[in-house]
Structure formats: structure tokens, C-alpha cells
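**Q** Protein sequence lines, in the order shown, are assigned to chains C and D.
Here our numbering is used: the first residue of the first sequence is 1, the next is one more, and so on.
Here our numbering is used: the first residue of the second sequence is 1, the next is one more, and so on.
These aren't lab readings, by the way, just hints derived from the structure by calculation.
Take the hints with a grain of salt, since some may be wrong.
What the hints assert, rightly or not - Simulated restraints, written as ranges between beta carbons of each label pair: (1) D:Leu323 with C:Pro90: 23 to 29 Å; (2) C:Glu368 with D:Asp255: 50 to 56 Å; (3) D:Glu228 with C:Gly358: 52 to 58 Å; (4) D:Val235 with C:Leu359: 35 to 41 Å; (5) D:Ile264 with C:Asn179: 37 to 43 Å; (6) D:Glu228 with C:Lys279: 39 to 45 Å; (7) D:Leu323 with C:Val98: 19 to 25 Å; (8) D:Leu15 with C:Asp230: 41 to 47 Å; (9) C:Thr383 with D:Val235: 37 to 43 Å; (10) D:Ile264 with C:Pro90: 55 to 61 Å.
The beta-carbon is built from N, C-alpha and C at its ideal position, and this holds for glycine as well.
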Amino acid sequence: MVFEGMYLRTRDKHYEQLTKFWIKIFALIFGIGVATGIVMEFEFGTNWAAYSRYVGDIFGSALAAEGVFAFALESSFLGVLLFGWNKVSPRVHFFSAVMVTLGSMFSAIWIVVANSWQQTPAGFKIVGEGLTVRAEITDFWAMVFNPSSLDRIIHVWIAAFLAGTFLVLSVHAYYIVKNRFVEQSKKAFGVILVIAAISALAQLFTGHSSASGVAKNQPAKLASFEGHYDSLAVADMYIFGWVNDTKQSVSGVKIPAGLTFLLYQNFTTPVKGLNAFNKNDRPSQVNFIFQTYHLMISIGMALIALTLFSLFLLWKGKLFTKRWLMIAFSFSVVLPQIANQVGWYSAEVGRQPWVVYGLLRTSDALSENVRAEQVMFSLILFTIVYLILFSLFIYLLNKKIQHGLYTAGDISDNPLPTKTLK
Amino acid sequence: METFLNIEPGTWMFLVIGAVFSGYAILDGFDLGAGTVHLFLRKEQSRRIALNAIGPVWDGNEVWLVIGGGTLFAGFPKVYATLLSAFYIPFILFLLLLILRAIAIEFRSKEPMLWWRKLWDFVYSISSTLVGFTLGVVLGNIVRGIAIDDTMIFKGDLIDIFNPYALLTGITVVALFALHGSVYLVMKTEDKLSDRLADISKAASLFFTICYFILSLATLIYVPHAAEKFKEMPVLFAIPILTLLLIIYGRKLIDTKKYWWAFITSAALTSLLLVTIAIGLYPNLLLSSINESYSLTVANSAASSKSLGIVLSFVLIGAPLVLIYTVFLFRTFRGKVVLDDMSY
Numbered sequence: 001m002v003f004e005g006m007y008l009r010t011r012d013k014h015y016e017q018l019t020k021f022w023i024k025i026f027a028l029i030f031g032i033g034v035a036t037g038i039v040m041e042f043e044f045g046t047n048w049a050a051y052s053r054y055v056g057d058i059f060g061s062a063l064a065a066e067g068v069f070a071f072a073l074e075s076s077f078l079g080v081l082l083f084g085w086n087k088v089s090p091r092v093h094f095f096s097a098v099m100v101t102l103g104s105m106f107s108a109i110w111i112v113v114a115n116s117w118q119q120t121p122a123g124f125k126i127v128g129e130g131l132t133v134r135a136e137i138t139d140f141w142a143m144v145f146n147p148s149s150l151d152r153i154i155h156v157w158i159a160a161f162l163a164g165t166f167l168v169l170s171v172h173a174y175y176i177v178k179n180r181f182v183e184q185s186k187k188a189f190g191v192i193l194v195i196a197a198i199s200a201l202a203q204l205f206t207g208h209s210s211a212s213g214v215a216k217n218q219p220a221k222l223a224s225f226e227g228h229y230d231s232l233a234v235a236d237m238y239i240f241g242w243v244n245d246t247k248q249s250v251s252g253v254k255i256p257a258g259l260t261f262l263l264y265q266n267f268t269t270p271v272k273g274l275n276a277f278n279k280n281d282r283p284s285q286v287n288f289i290f291q292t293y294h295l296m297i298s299i300g301m302a303l304i305a306l307t308l309f310s311l312f313l314l315w316k317g318k319l320f321t322k323r324w325l326m327i328a329f330s331f332s333v334v335l336p337q338i339a340n341q342v343g344w345y346s347a348e349v350g351r352q353p354w355v356v357y358g359l360l361r362t363s364d365a366l367s368e369n370v371r372a373e374q375v376m377f378s379l380i381l382f383t384i385v386y387l388i389l390f391s392l393f394i395y396l397l398n399k400k401i402q403h404g405l406y407t408a409g410d411i412s413d414n415p416l417p418t419k420t421l422k
Numbered sequence: 001m002e003t004f005l006n007i008e009p010g011t012w013m014f015l016v017i018g019a020v021f022s023g024y025a026i027l028d029g030f031d032l033g034a035g036t037v038h039l040f041l042r043k044e045q046s047r048r049i050a051l052n053a054i055g056p057v058w059d060g061n062e063v064w065l066v067i068g069g070g071t072l073f074a075g076f077p078k079v080y081a082t083l084l085s086a087f088y089i090p091f092i093l094f095l096l097l098l099i100l101r102a103i104a105i106e107f108r109s110k111e112p113m114l115w116w117r118k119l120w121d122f123v124y125s126i127s128s129t130l131v132g133f134t135l136g137v138v139l140g141n142i143v144r145g146i147a148i149d150d151t152m153i154f155k156g157d158l159i160d161i162f163n164p165y166a167l168l169t170g171i172t173v174v175a176l177f178a179l180h181g182s183v184y185l186v187m188k189t190e191d192k193l194s195d196r197l198a199d200i201s202k203a204a205s206l207f208f209t210i211c212y213f214i215l216s217l218a219t220l221i222y223v224p225h226a227a228e229k230f231k232e233m234p235v236l237f238a239i240p241i242l243t244l245l246l247i248i249y250g251r252k253l254i255d256t257k258k259y260w261w262a263f264i265t266s267a268a269l270t271s272l273l274l275v276t277i278a279i280g281l282y283p284n285l286l287l288s289s290i291n292e293s294y295s296l297t298v299a300n301s302a303a304s305s306k307s308l309g310i311v312l313s314f315v316l317i318g319a320p321l322v323l324i325y326t327v328f329l330f331r332t333f334r335g336k337v338v339l340d341d342m343s344y
């Protein structure tokens with residue numbers, strides 16, 4: 001979208017080439033995203049029937065809103081974005097690009113709202129008993145703006161910006177290293193680097209705000225993040241470490257009272273530890289949560305350092321002469337991806353044993369009639385299909401990147417068949 | 001929420017969900033059907049044109065499935081939970097088929113090798129057909145009733161799901177989509193290819209007519225409860241009669257090359273089929289074959305009236321927007337398919 005905006009303003013041929021190239025890449029990613037995303041809409045009913053009955057009154061409306069307000073917008077305008085280059089005016093085409101962007105951002109809102117409600121339920125009451133017990137909505141806006149949703153929506157948005165910008169940076173860095181499309185790549189790199197740097201810095205603040213929320217609303221999760229057991233003690237913050245759950249200790253490099261300071265801006269307030277909870281009511285995989293959480297933070301810090309340093313070099317006019325840095329950027333695409341994955345792991349595993357925090361246990365949320373071997377069957381099938389999907393995706397993505405931008409006289413990377421059908 | 005026009009919120013929700021699924025069947029129906037007839041096209045160029053005829057719209061069409069799933073979850077969480085967990089294996093296969101289909105559409109054009117294109121053509125066509133078939137099987141079971149106990153939990157087996165009546169419904173849906181899809185393709189193509197597709201659509205029309213007759217007979221004999229409402233109110237027989245008239249009229253429109261109207265006719269056929277089923281079903285949503293009193297109805301499975309009000313107001317605001325996008329999308333891509341550098 002940014003490239004297309006630049007093209008419209010400047011009419012620079014290079015931005016047109018960049019736009020077409022990135023739309024094609026986006027189309028490929030979006031295709032995979034839709035295919036795997038529809039599964040999520042139905043998986044609640046197939047695998048989590050008890051959960052669906054319990055929360056349908058609340059969770060369902062968030063998912064319905066996602067479909068009606070976000071997904072429809074996104075998918076319809078995507079058709080124009082991909083296939084409408086010769087059918088609509090440049091302005092309408094740009095408008096479509098903006099709509100697709102807005103659609104994806106709305107989509108993230110509703111999905112994160114639904115997930116945040118599981119973390120910090122609000123705006124509901126419990127009705128019925130025994131088999132028919134369920135949560136019923138009492139206040140829609142309290143449900144939408146539950147204590148964690150705002151922090152998490154912004155955190156997820158920026159995480160997505162980082163994933164996107166680093167994909168662009170890595171591809172163009174690769175071109176610069178290989179000495180292809182250098183002019184276009186330098187332009188693209190400069191623009192996107194600024195967005196990436198702002199996002200990386202902003203993520204520091206949203207991350208902090210999110211963690212403060214976790215401290216207030218899900219203290220057991222926060223304690224797991226830092227492997228903090230003793231409730232009467234001030235809490236340290238680890239740079240890295242290893243948690244021993246049986247000995248209830250962490251070995252590693254730490255900033256004494258760091259967590260206490262970040263939460264309360266002093267060095268004396270104790271932080272609620274894992275021992276304050278019944279063993280059944282707190283996560284059991286403390287080390288896993290600790291590791292995923294710390295990996296996310298480390299990557300976040302690395303991204304800040306990388307982008308700020310590069311911006312400084314760009315300002316000095318020396319950025320593109322540093323070959324080692326360009327090589328580093330070529331591989332950097334995996335960093336935000338890993339950070340996003342482990343971030344979700346720590347958030348979701350940290351909520352255990354609850355599927356809805358404090359209300360419904362994960363073990364009570366399954367489909368009653370679906371047998372373990374059926375779940376196994378579907379799990380194996382999905383694993384196989386996703387593996388095929390992933391390898392084909394990487395193969396095609398690589399092919400598009402190798403093919404590069406479109407220059408005059410070379411209009412399509414979809415080759416005509418060497419032999420045709422009869 | 002209070003009643004509106006003397007109709008309960010639950011019933012409004014039933015109507016809305018019916019309308020969304022009907023919209024889904026009409027829209028995704030034609031691109032699934034285009035997949036079913038894909039292998040009957042022989043030339044590479046024809047297949048490319050056929051694929052690009054649905055290229056800009058198939059994704060938007062699948063949105064209706066997502067909206068349908070979302071509104072069902074929100075409106076009738078118990079139905080959503082029981083239905084999807086009862087048809088666990090069929091729905092898992094359905095989702096995998098949708099993924100395979102999306103991959104096939106995306107990947108087909110990316111390599112020039114003949115075997116590559118043939119492989120993805122095959123995957124695309126088979127998965128499109130099976131998606132329609134699975135939906136039909138589920139629909140057949142909904143009409144027939146499934147083994148639900150007094151706690152709303154499915155007690156049946158996988159084998160029960162693939163009963164002859166449901167299989168017949170599955171085939172009928174495939175036939176209907178093939179008709180609908182081939183008419184769409186005729187409309188989007190020119191010259192020889194268009195003529196070839198017109199022949200295919202005539203064959204599909206005949207096939208659907210046969211299926212429809214057998215299915216109607218089977219319903220009257222084996223699933224009499226679905227026809228009860230029609231016996232009580234004979235005026236409702238106007239609907240199957242209208243269906244028959246549309247089948248004949250649609251065929252005539254193909255013969256006289258009025259393809260746009262033929263497409264409207266097959267769209268109307270698709271929604272009439274669902275209307276017929278919905279009338280037979282209401283006020284039930286999922287019939288219990290164990291004991292009728294265990295059935296999930298509008299009354300006993302709807303979400304709270306507050307939640308229904310919220311979702312209905314979403315629909316009230318959202319539906320016009322979605323219609324605007326859809327019309328905008330179809331207007332942008334009206335007319336015959338022209339291949340360009342962004343095509344599949």
C-alpha cells in the first residue's frame with residue numbers, strides 16, 4: 001500500500017514495479033492465509049464443542065463481527081487489488097489497497113478481542129448450572145474493551161507490521177547483495193526501514209503496557225514469565241535463564257528487582273509469585289513460558305538495535321555499502337516471525353490450565369462425542385497438508401523473489417506451458 | 001430485544017442465517033461448480049480462462065461461509081457446537097478440501113510443466129466437487145435428523161452420517177452446482193469455448209433434474225416429516241412447483257443464449273432448494289432421531305436475547321456494506337474474461 005501511494009504521488013516507474021511485485025507476493029501469502037484461516041472459524045465447534053456452548057453467547061458475536069465487518073471488506077477488495085490493475089483507475093486501485101489494509105486491521109481487532117476475552121473475561125454473567133452452565137453477555141462494550149484487549153490489539157498490529165516490513169527489508173537487502181534491481185531496492189529499503197524502526201520502538205511500549213496488564217489481571221502468567229515463585233519477595237528480571245520447577249529456582253543472568261521496578265517504579269514492592277496459587281490453578285510448564293517469553297523480548301531488542309543502527313548509517317549515507325549488514329538483513333525475516341510465534345505461545349500456555357481465565361478449564365472444554373483417535377486422525381492429516389502447503393509456499397515465494405521485479409518487456413512470471421493439452 | 005413485526009429475535013436469527021447460507025450457496029456454488037466442470041475443458045487456454053473467470057471472486061464468495069459460521073456460532077451456539085462436533089470427520093475433510101482447492105487455484109499457473117498443470121487441474125476439480133458433496137451430505141442429514149441425546153450430544157457413528165439419503169443429497173448438490181457453475185462460465189466466455197460450456201450446462205441441467213426427482217421421491221417415502229409442513233399448508237407446494245418451472249425455463253434460456261438470465265435462474269434454484277429445506281425444518285434446527293423432544297430448536301438453543309440483538313444489529317449494519325462490496329466487485333469484473341499479466 002505504501003508503495004502504491006508513493007507511485008501515485010510521484011508517478012515514479014520504480015514504485016509501480018515495486019507495487020506490482022509486492023502485490024503478487026501478498027496474493028500468495030493471502031491465499032495461504034485464507035485457506036488456513038477458515039479452519040479456525042469451524043475448529044471451535046468441531047474440537048471444542050463444550051467450550052462453544054459455554055462461551056457462544058460472547059465469543060460468537062466477536063467472530064460474527066469479524067466476518068461481517070472485516071473479512072468481507074478485505075476479501076472483496078483483494079479481488080480488485082489483484083486482478084483490477086487494468087480494470088479500474090489508479091485511484092480506485094489505491095483505494096482498494098487501503099481497504100484491504102483496513103480490513104486486515106479490523107480482522108485483527110475482533111480476533112484479538114475474542115482471545116483477550118479468554119484472558120480477561122468481562123461484561124458477562126454466568127447462568128444455568130450443571131450441564132447447561134454458560135456465560136451470557138451483559139455488556140457488549142465491556143466485553144469488547146475487556147481489560148487486556150486494547151493493549152493486545154496494538155501489540156498484535158505492530159507485531160504484524162514488523163513481520164511485514166522485515167519481509168520487504170530482507171528481500172530488498174538480498175537484491176542489493178546480489179546486485180539486482182539495486183535502484184528500486186534502495187528506494188524501497190529506505191522507506192520501509194523507517195516504518196520498521198518506528199514499529200520496533202513502539203513495540204517496546206506496547207509490550208510494557210501489556211505486561212503491566214498481565215501483572216494486574218493474570219498474576220500467575222506474569223510470575224511464569226519470570227519464573228517468580230516467592231510471593232513475599234521483590235521480583236528480579238532475567239536477561240536469560242533456565243527454570244527448575246521442582247526446586248523453584250531460576251539460574252541465569254538477572255537484573256535484581258528489575259520486574260518490581262518495571263511494574264511499580266521502586267525496588268521494594270513484592271510481586272505475587274507462583275506459590276500464591278494452588279498447583280491446579282497455575283501453569284505447569286513454567287520453563288516453557290519463561291523461554292518463549294524471553295526469546296520474544298530478546299528478538300524485540302535485537303530488532304530495535306538493528307533498525308536504529310541502520311537508520312543512523314542511512315543518514316550517514318553508508319548503509320548500502322555495508323555488505324555484511326545487507327546479508328544480515330536478508331536473513332532477518334525469520335526474527336519477527338519467531339517472536340510472534342513464541343509470543344503467542346507464552347500468552348496461551350501462560351493462561352493454562354484455563355481456556356477462559358478463572359472460569360473454564362481447558363480439560364472441560366473439549367467436544368464430548370469426539371474420540372481421541374478422531375482428533376489424532378485430523379491432527380495427522382492437517383500436519384501433512386500443512387507441511388505440503390508450507391514447502392510449496394516457500395518454493396513459490398523463493399521463485400517469485402528469484403524472478404524479481406517486472407521490467408518492460410517481461411510482463412508475467414506465469415510462464416506459458418511448454419506443451420499444451422490437446 | 002423485543003419482537004419485531006411480531007417475529008421473535010430467534011426466528012429473525014434463523015432467517016438471517018438461512019439467508020447467509022443461501023448467499024453462500026449461490027456465490028460459492030458457482031465457483032465450486034466451475035471446478036466440477038473444469039476437467040471437461042480440454043485446452044490449456046480454455047482452462048486458464050475458466051479459472052480466471054472465478055479468479056477475482058472465489059475468495060470473496062468464501063467470506064459468506066465465514067459469516068455463516070460466525071452468525072451460527074453467535075446466534076445458536078448449541079447448534080454450532082453439536083453440528084460441528086457430530087460431523088467431526090466430514091467437516092475436517094471439508095476444511096482440508098477447501099485448503100487443497102485454494103492451493104490448486106494459486107499454484108496451477110506457477111510452473112509451465114504439463115504434469116504440474118494437469119495435477120493441479122485434477123486437485124482443483126476433485127476438491128471443488130467434494131466440497132459441494134460434503135455440504136450436501138451434511139444437509140441431507142440435517143433434513144433426516146441425527147442421533148442427539150437429551151444433553152444435546154451426538155451419539156451416532158460415522159457410518160450413520162453416510163446413509164443413502166444423505167449421499168443422494170450430496171450428489172444433488174454437486175449436480176446443482178455444476179449447472180450453476182457452467183452457466184456462469186458460459187456467461188463469462190466467448191466463441192467456441194462458450195458453445196462447449198453451453199453443452200456442458202445442458203447436460204448438467206438434465207442430471208440435476210433427474211437427481212431432483214429422485215430426491216423428492218426419496219424424501220416423501222423415507223423422510224416424511226420433512227414434507228409434513230407442506231401437507232398441512234398445501235399452498236407451500238407452490239415452492240416445488242416453482243422449482244420445476246425454473247428448471248424448465250432455465251433450460252430454455254440456455255437454448256436461446258440468454259445466459260445472464262439463465263444464471264439468475266440457477267441462483268434462484270439454489271436458494272429455493274434451501275428455502276424448501278428450511279420450511280420443512282422450522283422451528284427445529286437439528287432434529288433428534290432418538291426422540292423428537294431432544295431436538296435443538298430455535299427456542300431451546302438460541303443465544304441470550306441480548307446477544308441476538310447485538311448480532312442482528314451487526315447484520316443490519318453489515319449486510320448493506322457486504323452487498324455494496326459484492327456488487328462493486330462483480331461490476332468491476334463484469335463482461336468476458338480477458339487474460340492479462342496479473343492473471344492465473
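**Q** Run the structure past the numbered hints and jot down the numbers of the failing ones, going up.
**A** 3, 4, 5, 6, 8, 9 and 10
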